[in-house]
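Got chain A; can you put chain B on it based on the hints?
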Amino acid sequence: MADIAFLLLIFFLVSTTMDVDTGIYKKLPPIPETDQPDEEVKVKKRNVLAILVNRNDELLVNGELLDISQLREKTKEFILNPNNSEELPEKQVKTVPYFGDVMVSKGLVSLQNDRGTSYEMYIRVQDELAIAARELKDEKAMSKWGKVYSELDKEQQDAVKKYVPMAISEAEPKNVGGKR
Amino acid sequence: MSKFKKGGSKETPEISTASLPDIVFMLLFFFMVSTTMRDVELNVSYVQPQAKELTKLEKKDLVSNIHVGVPLRKYQKTFGTESRIQLNDQFATVDDIQSFIASEREARKEELRNKLTTSLKVDRYTKMGIIVDIKQELRKASALKLNYSALQGAEEN
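Top line first, the protein sequences correspond to chains A and B. First residue of the first sequence? That's 550 in the working numbering, and the numbers climb one at a time after it. First residue of the second sequence? That's 1118 in the working numbering, and the numbers climb one at a time after it.
Derived by calculation from the structure, the hints in this document are not laboratory data. Careful: at least some of the hints might be erroneous.
[Stated by the list, open to error] Computed footprint of chain B on chain A, listed as stretches where at least three residues anywhere in the stretch have a Cβ under 8 Å from a Cβ of chain B:
1. 551-561
2. 570-580
3. 661-672
4. 702-711
Heads up, the beta-carbon is just placed ideally off N, CA and C, and yes, glycines get one too.
Isolated chain A (complex conformation) (with noise of 0.2 Å):
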């Protein structure tokens, strides 16, 4: 008996793995069907915040080179914009559930990277921006039921998310700096 349970169980602790896989998620954006024609979406200036970054992993944003430890305060205002600044995106009353009427900015962050960019920079990027999102919202869920996002039910997630979008737009590479 146990002899057979031991050669069982030195099956399994030699074929199996412990490892638990955990990563980044993200949604690609369906390719788009080519009988439409291509509409270019007029977004203004004010309302993009530009991060490109080149083949020697440095940031640009919005014209202005940054590090990457900037980055996550930098989206965080740029969403908020609290002073209602020129210079920062437009908001939009917008009716969310349980908050009501409120201005909704109209960000939208670009992100373009080159065909050179190494991976851990594109990796950490997306990081940062998600760790903003993360931020931005629970400080909304923080303000409005004392809890971090995390720990509300789905209707409430649903309407912060509303109250905070994040919407990251990837552009296609390409070969800024020229090639290797």
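Just chain B, lined up with the frame of chain A:
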């Protein structure tokens, strides 16, 4: 007088092994529940990048993996030292991705097919060019659920 002194052998008795199967079975069940089957043997080596805002991938049977990394030593003569794509057990090119996704779909039950997630396991020093090509292919194959595999990094602040 000596009531407690019993004559006879001084040898220690054998430990009973009657409960050994129980213990081993308990261990066996623990490992069966807490582990998953190893998937393919890797031909490329990669160090995943670190990130902080991670989600756990659940339902491992609904995940198909694409490995991108530097070929192992023994393959470097034929495949070089630049990052390569590995699908299943073999090296592949970007063009093979659509058929790979199709066969992955084929292997799943019909009602689960649209829930398939693709997990990209990529070496941190890979250039984005190859990733972008993979993403384009995935979009063409309409496998839109994507997971950039990363490890939990240390919190700085």
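Here is what the structure says about each hint:
1. With 6 residues carrying a beta carbon less than 8 Å from a beta carbon of chain B, the stretch 551-561 of chain A meets the three-residue requirement, and the given coverage holds.
2. Only residues whose beta carbon comes within less than 8 Å of a beta carbon in chain B count, and the stretch 570-580 of chain A has 11; three or more means the coverage holds.
3. Check on the stretch 661-672 of chain A: 10 of its residues sit with their Cβ under 8 Å from a Cβ of chain B, so the three-residue criterion for coverage holds.
4. Look at the stretch 702-711 of chain A against chain B: 0 of its residues bring a Cβ nearer than 8 Å to a Cβ of that chain, fewer than three, so the hint is violated.
Checked against the numbered hints listed earlier, the structure breaks hint 4 alone; every other hint is satisfied.
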